[in-house]
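Numbered according to the numbering used here, the sequence shown spans residues 1 to 461.
Simulated from the structure, these hints should not be mistaken for laboratory data.
Treat the hints with caution; some may be incorrect.
Label pairs and their computed distance ranges (CB to CB) [claimed, not checked]:
1) Trp-176 - Ser-91: 34 to 40 Å
2) His-152 - Asp-353: 50 to 56 Å
3) Ser-206 - Lys-285: 51 to 57 Å
4) Glu-173 - Tyr-240: 34 to 40 Å
20 Å max Cα-Cα, derived EDC-like pairs, lysine to aspartate or glutamate [as the list claims (entries may be wrong)]:
5) Lys-394 - Glu-375
6) Lys-177 - Asp-133
7) Lys-121 - Glu-145
8) Lys-196 - Glu-153
9) Lys-73 - Glu-47
10) Lys-67 - Glu-47
For glycine and all other residues, C-beta sits at the position ideal for the given N, C-alpha and C.
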Amino acid sequence: MSKEGSLSLDRQGRIIRFSQRLEDMLGYDAEDVLGREFTSLAPSGMEDVFLSILDGAEGQSGTPPKKAAFLCKGGTVAEFYLLTHPLRDRSGEIYSYLLALSVRKTAMPAFLSDEFRRMFKFSNDAVSVTDRDGSIIDVNQAFQETYGYERHEVLGRNPRVLKSSHSTKALYEKMWKDILDPAVGYWRGEIINLAKDGREVPVLLSINAIKDARGDIKCFLGIAFNMTRQKELDKLRKMYIDHIIHDIRGPLTSITVNAELLLMLPALSDTVKRKLKVISSSALKIGSMTSDILDYSRAENASVMLRKERVSVAEAICEAAMPFEGAGKLLLFMGEPSVGPAFEGMEVFADSDKLKRVIYNLLSNAFKHAATKVEVAAEVVPAGLSLSVSNDGKGISSEQAERIFEAFYQTEDGVKTGGAGLGLSIVKSFVEAHGGRVWVRAGEENGVTFGFLIPSEPAAL
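Please build the complete structure, drawing on both the sequences and the hints.
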């Protein structure tokens with residue numbers, strides 16, 4: 001038999017929540033008692049004792065454990081230690097009572113302490129407390145404002161009342177696996193909940209298992225930070241970046257085209273030609289940086305759209321490598337000067353443009369840091385397509401390797417070569433959008449190899 005259980009009453013003393021453990025202790029099903037007076041659980045002639053328990057709790061933050069007799073479903077009477085705690089709103093008015101029954105004389109749960117109640121009441125985040133059976137014990141004012149529910153509408157209900165179509169079974173399995181794991185005890189992540197009026201509310205949610213001194217779970221505490229405003233600002237920022245990039249590209253194209261046209265004029269001095277080439281090269285570099293910023297913005301906002309199809313790996317490599325022909329450094333493809341038979345028949349189910357951009361970015365990074373040679377290698381393994389790009393440059397340290405795929409991160413040598421520091425971050429975003437992963441093999445003296453693995457076949461439905 002369960003040793004502890006709990007129930008909640010409304011302001012008038014009617015039962016609005018009856019825990020599963022209390023069902024085991026008293027023999028009632030929750031449906032038998034919900035909506036009934038608390039005094040219906042009192043043995044005959046002891047109704048006034050139950051009323052005095054509630055009256056005695058009104059002027060306090062909670063009563064200490066005291067013995068009380070309860071009427072079980074079969075007509076038998078059982079004694080338990082009873083803790084009574086009034087729940088108050090910001091004005092101090094009682095809106096509910098929380099009662100905990102136990103065969104042991106236990107202290108008031110920590111989540112009902114005066115300090116906790118003050119933080120709970122005035123927190124700007126939506127806070128909810130659920131019992132071990134998953135029924136809501138209490139919510140604060142911010143919870144009501146965030147989701148549009150009155151407190152009495154959610155007390156006794158499961159938090160699934162907030163579940164949206166975005167929350168998958170796998171998400172909940174992972175969530176509760178972490179929460180119930182003694183070595184973890186909590187879960188934290190972004191989730192989209194559903195308000196009473198059907199609005200989607202993006203929140204940063206943390207759920208913690210609250211334990212007693214013996215390590216037993218007493219309840220669960222959920223704290224949700226409303227991210228609606230942040231998401232709106234992110235959307236506006238993305239739109240702003242899109243407009244700025246669009247406005248920059250027009251003049252850049254004009255500069256590049258006119259510089260190329262001027263270079264075609266006869267009788268130009270070497271100095272003029274050199275200056276025009278600098279103008280053209282600088283415009284192309286800025287154009288590349290604006291593309292990086294735009295791609296990063298879209299990836300950061302989870303708006304990477306993939307148009308997957310069967311893609312020839314050889315063709316993707318050839319197109320991505322074309323701008324590096326005549327770059328002054330040796331480019332090899334699995335030891336050969338061109339994409340040869342070793343790549344024949346290799347295919348991957350991917351977005352062709354994104355795959356080419358990934359390979360291009362890896363090649364661009366390699367050529368910036370190579371001493372004399374860059375090499376591309378690829379193979380189809382059981383997990384998918386594995387492709388790597390190596391260079392024989394200075395290399396990077398293991399500490400640098402840990403951060404190399406972060407947005408805007410650049411090594412000291414990387415800063416000298418220019419760029420926005422987004423190329424490798426975009427590689428990571430595009431590869432992960434395909435369900436793959438990126439990696440780096442660092443060596444301070446022997447160059448560096450960057451690679452990725454993406455599934456060769458479409459995901460099974």
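Quiz item: What are the numbers of the hints the structure violates, in ascending order?
Solution: 3
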